[in-house]
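These protein sequences, in sequence, are chains A and B. Residue 4 is where the first sequence starts when you use the numbering used here, and the numbers rise one by one after that. Residue 162 is where the second sequence starts when you use the numbering used here, and the numbers rise one by one after that.
No lab work stands behind these hints: they were computed from the structure. No residue lacks a Cβ here, since even glycine has one placed at the ideal position from N, Cα and C. Take these hints with a grain of salt, some might be off.
To be verified - Taking lysine-lysine and the DSSO-like style, the derived pairs with C-alpha atoms no more than 30 Å apart in a straight line are:
{"no.": "1", "chain 1": "B", "residue 1": "K385", "chain 2": "B", "residue 2": "K373"}
{"no.": "2", "chain 1": "A", "residue 1": "K313", "chain 2": "B", "residue 2": "K271"}
{"no.": "3", "chain 1": "B", "residue 1": "K212", "chain 2": "A", "residue 2": "K170"}
{"no.": "4", "chain 1": "B", "residue 1": "K249", "chain 2": "B", "residue 2": "K373"}
What the hints assert, rightly or not - FRET-style restraints, in silico, Cβ to Cβ:
{"no.": "5", "chain 1": "A", "residue 1": "L15", "chain 2": "B", "residue 2": "A371", "range": "18 to 26 Å"}
{"no.": "6", "chain 1": "B", "residue 1": "E381", "chain 2": "A", "residue 2": "S67", "range": "56 to 64 Å"}
{"no.": "7", "chain 1": "B", "residue 1": "K373", "chain 2": "A", "residue 2": "A98", "range": "27 to 35 Å"}
{"no.": "8", "chain 1": "A", "residue 1": "R117", "chain 2": "B", "residue 2": "A371", "range": "39 to 47 Å"}
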Amino acid sequence: MKKGKMFGRQRLHKLTRMLWSIARFFLIFGLSFVILFPLLQILSKAFMPIGQFLDTSVVWIPKSLTLNNVRSAMSFMEYGSGIWNSLVLCIGCAALQIFTCAMTGYGFARFRFRLREPLFLLVLLTIIIPTQIIFLPTYVQYRFFDFFGVSRILGMVTGQDYTVFAKNLIDTRWTFWIPTFFGVGIRSGVFIYLFRQCFRNLPKELEESAKIDGCNAVMTYIKVMLPNAKSTILTVFLFSFVWHWNEYILVRTYLPQNHQPLALKLKLATELMVGNAAVRVNIPAQMGITYAGALMFILPVLAIYIVAQKWFVEGVESSGIKG
Amino acid sequence: MAKKRKHKGGQMQRREARTGYAFISIWLIGFIFLFLRPLCMSFYYAFQEMKVTQEGMVYTYVGIKNFIYKFQEDIYFFGSTVWPGLSKFVIRTPICVILSLFIAIVLNQKFHGRTVARAVFFLPVIITSGIVVQLLREYGMDTSMETENTYLFASNGIAEILANAGLPQIIQDIFTDISDQIFDIIWMSGIQILLYLSGLQGIPASEYEAAKIEGATAWECFWKITWVRISPITLVVLVYTLIDAFTDVANPMIKFIFEEYQLRGNLGGSTALGLAYCLVAFLIIIIAYAIASKHVFYVNDN
């Protein structure tokens, strides 16, 4: 009798599990649809001849395919130079960010010094305070860049205004290289946090054995600690790359004329077409070009994501972000 | 002998501290010159009227004019921009936190096609807050595009169903509000799901096994183990979501601050309002943090 009861309970258990897996399927399917919906729409509209945009019999699959939208989007966006500028900016910034943030994170994770906790709070402060609030003074700073106060000292010594010795960095990539190198670039605080967590979780013995082998702090860091942080480095690279790729507000301020990356070119192209961002005139041609432009814009990142997706998830998981 | 050792220890500590400072020195320089200084300057700018000329900036002190001019100019400014900027996105936060925890738990279970599902749910991390999402908001979700498919996302469909079901108006409003925002909410939860998923994997499986032997149900397991263990992550997710909401480019207040600067060239006004807005946002974040951190449970496993 006892056996029978057990059997019944097991069957009930099996049933609930089956019901749950069906519910789970619909849930995941539905939410995936919400996520994929705009992307599918981009894909569908990018290759749709503009004549079919207002055709109510065409919803998803165009009756015929065309490359005209893509072609005009590419010429509007100056695709070749845009993609080159984006790649230089994104790869450069990602590399610089890895360099500084890993170092800073290591410093915070593995050494005890008196101001460690208050200084780390300041790192968190850089995450919380958005760039928007300080981007105007930063603009002025780059417009009359004073080399960390050197120009001001020179100005005081020679009795001239410091702007004589200052340099205009606007429209040069230095406006991105400098902050990212010094660990205050786009979301650098998040990366410092990630690296700190990663180094904190590594066993203490690693450093001790390196010390016995006669490594100094820098050598230990380069030869022992960094190779152990590979997955975090990869994650940070991907995040940094993607966030710089999507960035267009800072880019618009710091690189208004030269070296415009793809995001800005796409934004300017759509604004140019609409005439005014505030006025939305839904002419199918504009929509076609916009959708095709959006497709061409996300295509490189999407390709990287599809290739790197596996490490990406694993990297974040193994970096063990703990609160 | 003991004295000597103590002295030696002190020296080693000092050396350790020096090395530590050396490692963070680059960031420290950057923080002081490229973050702290601009931050202080923006406090100064907020009280000035500025013009960019070829020779440099020209400043005139105007008091608190920059903070109040917009409210005087446009009496509807608070209702049309400030209040939605603060509230609309904050209301979303708890929904976003709960939803991302739920999705993370589902994605953490073993089932066929899990890798594909994860890849789809992390897609927003790649594209989010970028220009494409903004374009999609402008074009894709436009009502003039309303086909059968977009109708699914429009609240009218759900509102009709709810009205037919005879639910009170308040519940209908809440539901339609959420369903109107479902696209935005899911699209802004990418990182949160990622954070939660990594947190879930940090919970030792032995705890669940022990609970199971004790006869705990899945429901009890969630509240007694998962929820408690994940609480530090919830804190991070909460703060992250709030920051994201306040700095979202679609946030009407952020939009206004940028337009003020880019289209109208009002440097002082845009800085002052930006500063005031950030202070309020900061206060809200601090309050949320203080309330939430009381319920956070830390496991000291180091």
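Hint check results:
For the hint linking K385(B) to K373(B), the alpha-carbon distance of about 12 Å falls within 30 Å, and the restraint holds. At roughly 16 Å between alpha-carbon atoms, K313(A) and K271(B) fall within 30 Å of each other, so this suggested pair holds. At roughly 19 Å between alpha-carbon atoms, K212(B) and K170(A) fall within 30 Å of each other, so this suggested pair holds. Taking the CA atoms of K249(B) and K373(B), the gap is about 42 Å. The hint is violated against a cut of 30 Å.
At about 23 Å, the beta-carbon gap between L15(A) and A371(B) stays in the expected band of 18 to 26 Å. Look at E381(B) against S67(A): about 59 Å separates their beta carbons, and that is inside 56 to 64 Å. Roughly 47 Å separates the CB atoms of K373(B) and A98(A), a value that falls outside the hinted 27 to 35 Å. In this structure the supplied range 39 to 47 Å holds for R117(A) paired with A371(B), their Cβ-Cβ distance being about 41 Å.
Hint violations for this structure: numbers 4, 7, all remaining hints satisfied.
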